[in-house]
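Asker: Please work from the sequences and hints to get the whole structure.
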Amino acid sequence: MTRWPKVPEVYGWLSLNQAGEWRLHPLGDAHTGSRGEPIGNQQIRDFIGRNYLSDGAGRWFFQNGPQRVFVRLDAAPFILQLYSNDLQFFTHNGLSIEAADIKGWWLDDAGRLYAQTAVGPGLVAGRDVQAVLEQLRDANGIVLIERLQESPDTDILLRKQPELWLRNVPSDRLPDLLGFIKSPG
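Taken in order, the sequence shown gives residues 675 to 859; the numbers are from this note's numbering.
Don't read these hints as lab results, they were simulated from the structure. Please note that the accuracy of each hint is not assured.
In silico EDC-like links for lysine to aspartate or glutamate, alpha-carbon gap of 20 Å or less [unchecked claim]:
no.: 1; residue 1: K777; residue 2: D829
no.: 2; residue 1: K777; residue 2: D802
no.: 3; residue 1: K680; residue 2: D729
no.: 4; residue 1: K777; residue 2: D850
Answerer: And the structure:
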């Protein structure tokens, strides 16, 4: 097989917003926080989603042939949408996440709920947060939403074996704790 010539990495052209939408930045200005333009073509969105990976250093990218197009993350590498009452989710790019695939939960100071999953860190879609919190129970069987109302800033043990926690954390610490880089480049 013929080797590809050295192809430069691309930064600043693609972002993933909190709603799970891929956005194009024709001016290469994603690093400035610009909104960008939604990618309307479903085939292109699916292609990006199928080729979405991490480099192991916490940078997420779209592999386009020999070229890596790094992605600015407005929230997390994955946006999780609740699929069933059994805490099953689909990611913004169609991957399935079972309850057993979740290794930890984090609630930030803005009330956003994050999960560390088998495929990587994800933000629970805003419309699903309340339903997820109503389904989670602590290790004593108490509904999590009740515990959070009693003591909103306390970490809560959800399961003893293997340990599963809901941890409260400032939003600016999430990328470090969950191991991703929001704006590579």
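Asker: With reference to the structure, classify each hint as holding or not holding.
Answerer: How the hints compare with the structure:
At most 20 Å may separate the alpha-carbon atoms for a hinted pair to count; K777 and D829 meet this at roughly 15 Å. About 19 Å separates the Cα atoms of K777 and D802, which keeps this hinted pair within 20 Å; it holds. Our distance criterion of 20 Å between C-alpha atoms is met by K680 and D729, whose separation comes to about 17 Å. Between K777 and D850, the direct Cα distance comes to roughly 16 Å. Compliance with the 20 Å bound is thereby established for this hinted pair.
Of the numbered hints given earlier, the model fails none.
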